[in-house]
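Residue numbers (our numbering), protein chains in the order written: chain A, 1 to 295; chain B, 1 to 281.
Keep in mind that a hint or two might mislead.
[What the hints assert, rightly or not] Subject to a maximum C-alpha distance of 30 angstroms in a straight line, what follows is the list of computed DSS-like cross-link-like pairs (lysine-lysine):
#  : chain 1 : residue 1 : chain 2 : residue 2
1  : A       : K105      : B       : K268
2  : B       : K178      : B       : K78
3  : A       : K200      : A       : K49
4  : B       : K186      : A       : K12
5  : B       : K178      : A       : K12
6  : A       : K8        : B       : K186
7  : A       : K105      : B       : K190
8  : A       : K229      : B       : K186
9  : A       : K8        : B       : K190
10 : B       : K78       : A       : K12
Just so you know, the hints here were simulated from the structure itself, not pulled from any lab data.
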Amino acid sequence: MVGQNQRKTFLKAMLYMLPALVIIALFVVWPMFHTLRMSFYEDFNIFNKTGEGFGLSSYIWVLQDPTFHKALLNTFIYAIVTVPVSIMIALAIAILLNSGIRGSKFFQTAYFLPYVTNAIAIGLAFRFIFHSEFGVFNKFLAIFGIDAINWLTDPDWAMPTLCIFGVWSALAFKIVIFLAGLQGIDPQLYQAARIDEAGKWKMFTSITLPQLGPIMAYQFVIATINAFKAYNEVVGLFGDDGPLHSAITMVYYMYDKFYNANKYTIAAASGVIMFLIIMVFTFIQLGMSNRKADQ
Amino acid sequence: MNDSMKIENRWARAFVILLLTLGAIAMLFPFFWMISGSFKTIREITSPDIIWWPEEMQWDNYTTVLTMKTNPFGIYFKNSIIVAVANTVFTLLTTILGAFAFSRLEFKGRDKLFSILLATMMVPSQMYIVTNFITITRMNLYDSLWAQILPYTASVFYIYLLRQFFNQIPDQIYLAAKVDGCSDWKYLWKMMVPNAKSSLVTIGLFNFIASWNAYLWPLMVTGRIEKRVLSIGLKYFASDSGTDYHLMMAGATIVVLPLIVIYLVFQKYIIQGIARGGLKG
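All chains, please: the whole structure from these sequences, using the hints.
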């Protein structure tokens, strides 16, 4: 009797879960294994899309490809620059927004807006702003006597321009999270500090920062993962991977190998490498923040 | 508002407002410049001077962009709406059903299955596209709207979020309803779904926005003009018409404006959604 009931609930639960499970199995779980398998094929027929053999040749190819080195380097630069910079700016803005000034509702609306925007569309707007001839940014710099910079067409400037755009796009999300974190700090902590006549800076370093610890760790992990997956920002800003591929990222590399060069196994191998890098970084960062929390 | 963080000094306050204003300008300027550019003539847009606002607003830029033969944004707009709405409706359905099973129905292996699902969230979705492209071609869906809808009609993350909310509804209400002879199906739609309205609105909004902004996947699975969505249109537009920045800005505005409207109307839900679930990616 009990067994029959259990089977009945199980069947019912299966029916409820079926739509979600079918889609997730087909488009999430299966691709995980299949992409992994593809990355080890020695031979791949792109017409009937089947492969044969088992070996490391795709990985060796990717790891020896200078374009992949470039993509890897750029992705690291992008992460190392945009993650800390955007976190620091976002924290500063969140603290100002939380300081009880008038009009803070309006400011919040303004600062959160970029969160919902389309990276391709706003990338086009930045392309227009950064245009070397009639872009408003160069015109603005000209007021201070600074010569026009080829933000988008000079290979040496491509990464700095991408990083500026990357920081701008990443701010909104982080400000929201920090603001929520700041508002969650117990006001009594500050009152106690005030009785001790602690200065603003002292309060910041001894109350605000430690209280924001877990949120800070969360922001670093999420921001790093997102930075490693940068793609839309690149295409939005340059239309491709920048002058002389100077702004190519890992995802762009994978997409390019797959879609433009039809090298499916190479794309799969680079995807797996990307996944491994993201995993390693996530664990290092989580490990570091856990150790800090233990102290 | 956290009282104890207040700044009392009047000059300090003025300085904070100044800083925030400068920052807000930096955040909003790209939007302003895009909209202002979308109304300019080609001469105004390539002018060496800074022209803040066009002398006469060129609404024609929009009609041109919407009806261009090589890149008709009117068709793209319709496709984007269809894909985003269909995506959202299906996702909400699979999410509601899935979250209910994982939160209310007690079956063997439930928690194990759920942790396996959660583990899949660690894999970056960019890794799937190679295989999903093959799957979609095998299903004969290449170059269709379905190709853009189907793979995103279920999400582990949204099931996780809604399950959390469902779990907060006390068990007693469920058991009482069962005693009264209320079926699970009826209980879900009459009791749980209306209660979870604000969570569902948030999930729906995030899904709609994500679908509207999707780029890489739609680019891969579409070829013909008739099946393109707006993001893809912008890409082709930008490579077709090198310096027609006034038209490019009109196209970009068409893509961004619905998002701004959604944001202004549903700001509360969106901010709560980010703050609570850390929704991103």
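**Request:** Would you list, in rising numerical order, the hints stated earlier that this structure does not obey?
**Result:** The structure breaks hints 2, 3, 7, 8, 10; every other hint is satisfied.
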